[in-house]
Every structure is written in C-alpha cells, then in structure tokens.
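Listed below are the residues making up each chain.
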Amino acid sequence: MSGSAVLILGAGSDMARALAHKYASAGHDIQLAARQVQRLAPDQADIALRHGVTVSLHEFDVLDLGAHPGFVQGLPSLPDIAICAVGLMGQQSESQTDMQKAALVMRSNFEGPACILGLLANAFEQRGHGVLVGIASVAGLRGRGSNYVYGASKAGFVAFLSGLRNRLARGPVHVLTVLPGFVNTKMTEGMALPQRLVAQPSDVAKAVFAATQKRRDVIYVKPVWRLIMAIICALPERVFKKTNL
Amino acid sequence: MSALSGWGQYPRVQAHLAQPRSPEALRALAQSGGTAIARGNGRAYGDSAINSACTIDLRAFNRMLQFCPDTGQLVAEAGVVLGDVIATFLPRGWFPYVTPGTKFVTLGGAVAADVHGKNHHKEGGFGTYVDWLDLLDHNGQVLRCSRSENPQLFQHTLGGMGLTGIIWRVALRLRPVSSGWIKQTRHVARDISHAMALFEQAQDATYSVAWIDCLQRGPAMGRALVMLGEHAAPAELPAHLRATPFALPKRRQFHMPITPPSWLLNTATVRAFNALYYWQGARGAGRALVDWDSYFYPLDAILGWNKIYGRRGFAQFQCVIPLAQAEAGLRALLAAIAAAGAGSFLAVLKRLGAQDSPLSFPMAGYTLALDFPVTAKTLALMQQLDAITCHHGGRIYLAKDSRMARDMFHQTEPRAAPFAQYRQATGAAGAWASAQSERLGL
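Those protein sequences? They're chains A and B, same order as listed.
Residue numbers for the first sequence follow numbering that gives the first Met the number 0, so the first one is 0 and each next one is one higher.
Residue numbers for the second sequence follow numbering that gives the first Met the number 0, so the first one is 0 and each next one is one higher.
Hints are computed from structural coordinates only; laboratory data are not their basis.
Heads up, a few of these hints could be off.
Over the 10 Å line for every Cβ pair with chain B, so calculated as not near, a few chain A residues [stated by the list, open to error]: (1) 44; (2) 66; (3) 141; (4) 147.
So the derived label-pair ranges between C-beta atoms look like this [claimed, not checked]: (5) B:406 / A:53: 57 to 63 Å; (6) B:18 / A:69: 45 to 51 Å; (7) B:121 / A:216: 26 to 32 Å; (8) A:124 / B:91: 37 to 43 Å; (9) B:27 / A:96: 24 to 30 Å; (10) B:375 / A:244: 45 to 51 Å; (11) B:289 / A:25: 29 to 35 Å; (12) A:69 / B:234: 56 to 62 Å; (13) B:235 / A:69: 55 to 61 Å; (14) A:244 / B:268: 45 to 51 Å.
Idealized CB from N, CA, C, for every residue including glycine.
Full structure from sequences and hints, please.
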C-alpha cells in the first residue's frame, strides 16, 4: 500500500490535516483538495518534509458539480484511497429560517460529497481497486431539533455510503463510513461539550487509518458513541420527540 | 474566559484565549488595539505567556516549511514543538544545537525565552542558532529580523519574552549528529566546591549538568552528581545498535493519573528521595551510553509530572550567579534552603557561559534551579533566595518566574529599564504585555 496516493477532499479542516499526516506517515503520497487550495501551501511543505512523501495541491469546490469530472481527470494519478472530509455545520437557527442557507448545508454535506464519491467509485471500479471513505456524523443517525438540517444532510450521506457499499460489496472497491462524535476542531470551538465524548482530530485519523487497513464498514471513533446512538435510535418517536438533545 | 496557568500551575489567571488558525485571523489579533501575548505549549512555569485580555495560542501554526541539508537550516512556524523537529530530523542525522529539559516547548517559546541547555558554557543559547525570524508586529506587518536585517529588533526578540511582537517563523540551524546516543560520564562531588571544580575542569565537555542534594548541610553541603556528555559516533555504539544508530529504544510513557495530596511531599520524603538518588548515582559513577530521550528529557517520560506538587501548584526558582561570586552565592542559597527544610526533588546546577543580550537570562556563572510547592513558607523562602541572588550580582530566569516582586526584579536586572524604553520607543509597549511583564514592570 505504501507509496500509493491518498486523496483528501476538504483538506483545509483540522480532521483532514490529521488524516493527511497519518497516511503520509505510512508512506502514502498525498493529494490535498480544497477551495483556495494555495492557502494549504504550508501544510503541503510540512507533510512533505516530515514524512518524505510527495504532496500535491488541487483546487476543488464540492458544490461545483460540473467541475468534478475535470478535477478527477486533473489529478496526478487516480488515488488508491479517497477520503471526503467536506462538511458544513451551519447554524440551525439560520438553517430553519433562511432556506438558501439550509440548502447550502444540505448541498455541502450530501449532494457534493455524494456526487464526487460516486464519480470516484466508478473510476475505482473500472480500475479494479480503491477505498472510499466518507466522514459522516452521528448527527445523521437521527434528526434532532437542535441540529436537523445538518443531521438530515449527513443522514443522506450515510444512506448513500451504505448503498454504495452494498452495490460494490462483491467487487474490489471498499467503502468506509466514519461517524465521529464530537471532535475538537474549529467546527466545535467554543461549544461546551462533555470532554469524555470529545475525540481529537488525531484520534479520528488513527481510527480511520486502522479501519481502512482492516476494511471495516462503519466506525465510530470513540466506542461510547455506538452505545449512545443505539439508545438514541431506540427511543420510540413519541418519547424522542419530547426530548431536548 | 478560562483559567490559564503555566507549567507550574501557579498562578492561575482568568484569561481570554484566542486560537487563530489562519494568517488573516492572526494578523487581526495582532492589530486588535489592546495588549496581547503569544503563547506556545505552556511550558514557561509562571505567567510569562498569559494576558487576561488576549492570550494568542500559536499552536495551530505548527508547520515545518523548508529544510536545507547543506546548511542544516530548518524554517518552521513558531508553533512547531521541538520534539517534532527531533522526530523528523534525527533519523536524517540532525539534532537541535540547544535544547531545554523538555522537548515539549515550541520554537517560538524557545526563542522568546532564549532557552539554554547543558551546553551553554561551550555553545551558547538557543538564539545563537537562530539565523532569522519573522516577527508580526502590532501594525500587522511581518518583519524579517536577523543579525543583518532589523538587528536591534532581532536581539530584543531573542529572550524578549514575546514582548516585541508575535514570533511567527523561525530559521533554526540544526547540528549534524551521527547517532542518537550520548556518552555520559558521571562524577560524584562531595560538596559544592568539588562540584564547581568538576565543572571548571570540564569546560571542553559538550554537555555538563549536576543534580544537587539541596537538603545537605555542613561539610556535605552541595553534594552532587556531575554528568558530562558527548554525542556518540556509531563506532562507539555496541554492535547491536550500530546498524540503526538513530533508533530509540521503546520507552514507556506514564501519565500522572491523579493529583497526589500535598502532604505527601514533605522534608522526610524529599530527603529520602535525595539520599537514595545520590547513593544510587554514586554507586553507578563512571561511563554509560544513554539514548537522547532519556539523556535530555528524563522528565518527559512522566507526562503531567507537574501534578506531583499537588493542586496548589509549584514554583521553580532559577537564578544565575556570576562566576566571581558563584561559590559564596551558591553556599548562601543552599544554606537558606537547607535551613528552611524546603528541599526539592529536582535541584539542578549548571555552568553557563558568557552572553551579551538585551534580556536573555544567561551570564558567565552558575545557575541553580529547584522546584517548590507553592506555600506561604516557600514563597517567603524564595524571596530570601531572590535577595541572596541580588546580593551576589545574579539574576532570575523569567521563563521560570511566577512570583518575583517588581523592586527585586529591577534591582537584579539593570537591563530592564533600557528594555522597557526600547518597547516604549517602538510602540511595542502598548501592544504586547503578559501578566508577568505587568507584574515586573517591563
């Protein structure tokens, strides 16, 4: 595996940065894709210097669906692993009043990521190997009043990944769904979160790396989240609708 | 707002911590108008890197940007931790010229405190190996500073405790090494004069440091283990290490699981520890081969060791006494410590070389460092130690200080007034301040 390339979509986030370092430390070349990708030049230098691998930068806008095929064509090589770490939390209060903003959240978390991974899946299938990783969210497992636009868009992504995995299960292409709980990133900065439930970006990277090696299907980063989500999902709707989670 | 403290967990100050991730966000903070201070990995012991209105966490700026294998020059952002430099470059045959006792410091912090290592007597301080740095000033400008470009600002930034601006990028020269091992020679010193004589005889040794038993009175006062070190060549390693001279033997890391009650640390336990350490060391005197991690960073193996002093936190006293008065000064300090019965597990003695800087700590002489749990008694003792230091022409290390009085600081530090004037003249005084600089009037 080492020496092969890993594509990271949405490479500007803290989680993406940690993932890039993790895979680079195992000897993989890294393709960083993001909007205004030149701002990642220091990261490009850093990853290359620390791990002695080749790191390339690629302009990529997940919302610009028309540009996706050209983006894939323009990569120095079709990657062996593609990780989609694109995400937009938005503000629930805005998402429920301003439908433009709601649509942006839904497109950023679902439409865009699903389309680019769909495209890469076909290319991987044609080539005969590849691993697709979607960073979804536990928020996608049940819609909550405090966060349901984000949650619904992640739910769509979770279903897409599940279906894609099902479609490709008999072939050589593998699909991994990652459901991180709270992660200490820019997205969660300033939120009062129970620290026991919060993972570091490096924990996510480690878990994803191990999961791609073992070809796992769905992972939670902190195991306690599996239990928490099992309980939340098991609540009858007439009870759940009265909760304040 | 959150409670911020340094490594000693004393004092704790309510402060606003900003965590910029982009150059734009960092620039905006630098120009915000009020005062601010940059903070790295929080390894200064006291309140050097705390400003209650605005403390700027530089840890997101932790990227290495360039390395030149011909000169050994590394260009990196200030938030890079020294341990990452070692992890990246030791396998390629490079090591920092100067390292403090922990590898968890950031490059920015090491520059700001102009830290020293066990080789200051021979090779100088951290700043000696800084070719240039990029400083972000309060106008949002990035100024390249070196010995030829903005030289005054450069000199005032090395050891300037972050009070000239935000150190953003550092060009640091690394030392070529051919293994990760240190040849250590351990000598037993009967008393303080003997320890000093051993240091003076070892002026050519690259590394020298002594652990000193600070609870001994009378003829054995200042008994010590003096440890000298040299980088080992692969040919000097045992056969099984020669093929992989940079590999580190697996070492376990421990977390301090709990904060022990402060009564656990008393004169009897410290005395027992010191006696044990001394006799064990004395028995094993002689030559040994030590891996770099154990040699330079023995305490890093116990993550969170600062909790051993209990919830009230601890303070480190570190002074330097000029050579001519060193023996008298050290004797007076040790006598005061032993009389107070307030010894510490870790008392360290080092010989420093000459250095001429606007505010850096080192001077030709001897530096003594010890930790005390913070109590009314030890705070009073440290004031007494300040006075002894002052009386012998010495000074206190700002990176360790958390409690010195302003008057004492100015008595020991004739360089403080010109430094403060420089800050006034350049406008830095209105933009950069720490709880420490305000306490001391810098």
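Structure-based check of all given hints:
no., hint, verdict
1, 44, "5 Å, violated"
2, 66, "24 Å, holds"
3, 141, "31 Å, holds"
4, 147, "28 Å, holds"
5, B:406 / A:53: 57 to 63 Å, "59 Å, holds"
6, B:18 / A:69: 45 to 51 Å, "36 Å, violated"
7, B:121 / A:216: 26 to 32 Å, "59 Å, violated"
8, A:124 / B:91: 37 to 43 Å, "40 Å, holds"
9, B:27 / A:96: 24 to 30 Å, "29 Å, holds"
10, B:375 / A:244: 45 to 51 Å, "48 Å, holds"
11, B:289 / A:25: 29 to 35 Å, "30 Å, holds"
12, A:69 / B:234: 56 to 62 Å, "57 Å, holds"
13, B:235 / A:69: 55 to 61 Å, "58 Å, holds"
14, A:244 / B:268: 45 to 51 Å, "49 Å, holds"
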